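Enquirer: For reference, the chains in residue letters:
Protein chains: 2
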Amino acid sequence: MGGVLTHSLLEKIRTKTATIGVIGMGYIGLQLLDAFGQKGFPIVGFDIDEHKIECFKKGDSTISYLPLKELFALLGKSFEASIDPTILNRADVVVVSVPTNIDKHLVPNFDLLRKAFQTVVNQFREGQLIIVQSTTYPGTTEDELLPMLKKLKKRFYLGYVPEISDPGNVEYNFTSIPRMTSGLTTECLEMVNALYESIGCQVYPCASMKVAEAAKVYTNAYRLLNISFANEMKVLFDKMGMDIWEVIEAASTKPFGFAPFYPSPGAGGDCIPVDPSYLSWKGTEFDAKATLIDQALRINQEMPHYVIDKLRDALNKPLKSARVLVLGVAFKKDVNGLQESASLKILNLLPDADFHDPYIEKVNEKRAIELNYDRLSDYDAVIIATDHSVYDYGKIVEKSLLVIDTRNATAGFSQKKVVKA
Amino acid sequence: MGGVLTHSLLEKIRTKTATIGVIGMGYIGLQLLDAFGQKGFPIVGFDIDEHKIECFKKGDSTISYLPLKELFALLGKSFEASIDPTILNRADVVVVSVPTNIDKHLVPNFDLLRKAFQTVVNQFREGQLIIVQSTTYPGTTEDELLPMLKKLKKRFYLGYVPEISDPGNVEYNFTSIPRMTSGLTTECLEMVNALYESIGCQVYPCASMKVAEAAKVYTNAYRLLNISFANEMKVLFDKMGMDIWEVIEAASTKPFGFAPFYPSPGAGGDCIPVDPSYLSWKGTEFDAKATLIDQALRINQEMPHYVIDKLRDALNKPLKSARVLVLGVAFKKDVNGLQESASLKILNLLPDADFHDPYIEKVNEKRAIELNYDRLSDYDAVIIATDHSVYDYGKIVEKSLLVIDTRNATAGFSQKKVVKA
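Residue numbers (the numbering used here), protein chains in the order written: chain A, 42 to 462; chain B, 42 to 462.
Here chain A stands alone, though its shape is the one from the complex (with noise of 0.2 Å):
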């Protein structure tokens, strides 16, 4: 490392001459490409999904709340995006954007990383700084990208910079967000600043790639373990005669040493349901545990169920023979993305029932059905299980024979025909 070939690329970065390439062009991949690309980067994009790239050729970013239409005006200019992983060959600094996850048993699942890994590895070329993205377990970098990269004998820069973003939040976006960075030396670091510096952002050095990885890991697994906290403490207040909303917006009146967090049907999303069992995980090799986040994982595996025994409590009829109606299936009001949606879950714990959501046209087999107020009260109850911003909830109070609110949406209407779940 170091000399001449280090100049060059932080000179390449300072004149922004340097290609950005992006293996995994989900929604984090993408922000980070229409970053650079706005600031005049020629970008690359490499994604193993054809229909994506055809997606984004059409303008259509694939995402509801991101269009991202400049970033594909710039597409066939300084903007090219493959499903041929050789294009990465062509950057200078790649960026490792894939998603991890998380199995049914909620045991973490690095394989696209490590595919991603050996993808970059083979795509290297000397002097290449690459950049871990990826949400995963403190270590992953440097016990297994490292090797790889070693073992190919050549020049490289290596640094880790997690993704912090809030889907659909417009008060942030990717330039105003601080960046936490890290670099295997004190060389990478200052290549990693400088790139992060040359667009605006502002930059956290972390003591190690480690520490980087830890930091956005543990931020999840505290939202994880608060919402959680809501949810098992909405259960317990339920039972006492209790609404937990006007407990929290009691709490909040606090003005010090207290954040809300609100009760849901569960966390959903590529995140905070899912990356936490990384801590969990990795803990256990090193005979540590992490009990509150075990138990939070699997309250929020829970909550879907609550959310049916509430439904099935309220019912006049068996649940079996009830007409139900689940409206918003996203993993989040406003957004059409579905993973680790529990508001799907609930749908799939209902097998006979309807659905609706705006961004959301089919589900598995399933169809979504076209949005009639006035048909509400075909339905024997109508669960709000994500609570889009399009809905208008006056009207479903109104029409509907039975509420089943689980983000207190209906709050300020009647409550007379609804149950909070």
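Hints may be right or wrong, so weigh each one.
Identical copies carry no separate label here, and so any pair may be met within one copy or between two of them.
[What the hints assert, rightly or not] With a straight-line cut-off of 20 Å between C-alpha atoms, the simulated SDA-like cross-links for lysine to any residue are:
1) Lys330 / His346
2) Lys440 / Gly100
3) Lys330 / Met281
4) Lys280 / Phe327
5) Lys351 / Ala329
6) Lys156 / Pro140
7) Lys358 / Tyr420
No wet-lab data here; the hints were simulated from the structure.
Every value quoted in this text rests on a predicted model; they were computed, and no experiment measured them.
Go by the hints and put chain B onto chain A.
Expert: Just chain B now, with coordinates in the frame of chain A:
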């Protein structure tokens, strides 16, 4: 209730001529007396501890961070303090402000509160407004105090207003913290609101007394949960070769969705390690689980033992023959309280250790040593247990042979002789 009496009590509140009585003159009861006393209300206080009242008369609050000189200047004028409960009979408003606590088996103990209720009822005078301020399980005021008052067959007003404070935090005082108010009836709530508004408090009326009780405990549970999470992760990260303080510092750069909580030898004080158990205990009656609270309480209990484990590993000799000094035994930085102090637990786990605390002279039969930085090398290990501001941490690191730092107080100084615990 109602009619002329209501009018006359409301009038007395608005003209600041209502006498405000407090049962239990701890740091909470005293702050309330101070707030009303300074605004011109006549105030009376009852406590069973004669020694405490003697101290007050000498102008000593007995609480290091709360001198309350102006309050004690009112003694013999508009303020009367007594060990005779009949003094409460003179009050128009009686605030119950006695502590609740937890035993060694994490079982809540409400004996003092129930005795206080009995005292209030014994001294009850027609038309009084009784406000419970003690932290307790949701339902206490309605289930325990209300039936006692009803039996008297006299007119009364009843409310619950939880205490919200942060010992040692000078940013907020009694009137600058919004008050969660509640009352048995609308009339009671109106009276309670008028009372707190009369001294300039912002009020947040809760849906019921139970909700106000729950909201208070909920905020404590949130804190305990997050502190215990930081502590469990501290152990895990340490085994993985990371310093959790570095991880949390990095995570804190996330501009949304994260609030840092820091590791420690365990949360102490009257509230955080105690109050959450009330929810768990009460929930059990309803077959409702509070698994996260239960686990957070257990982690909090285990932490002092973890510190001892780290000490044992770091020493070059058996623990039983080592000379150990514990710095700081109060439950929190810059306070003199010992309630549920984790640092005190560390001292108790080391029967032969010396201790020093600028605010505490004696613990059980053990006297604090005189602190001489040049003599720190007499000890095989110095444990920073409570990180009082008066300590010179640079000197502690310089002069000690081995420092066990439970608070990251040595950050910025050479870490050669330091073991984080």
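Enquirer: Indicate, hint by hint, whether the structure satisfies it.
Expert: Evaluated hints:
no.: 1; hint: Lys330 / His346; in the structure: between (27 Å within a copy, 15 Å between copies)
no.: 2; hint: Lys440 / Gly100; in the structure: neither (39 Å within a copy, 67 Å between copies)
no.: 3; hint: Lys330 / Met281; in the structure: between (32 Å within a copy, 12 Å between copies)
no.: 4; hint: Lys280 / Phe327; in the structure: between (39 Å within a copy, 6 Å between copies)
no.: 5; hint: Lys351 / Ala329; in the structure: between (37 Å within a copy, 15 Å between copies)
no.: 6; hint: Lys156 / Pro140; in the structure: within (11 Å within a copy, 59 Å between copies)
no.: 7; hint: Lys358 / Tyr420; in the structure: within (12 Å within a copy, 74 Å between copies)
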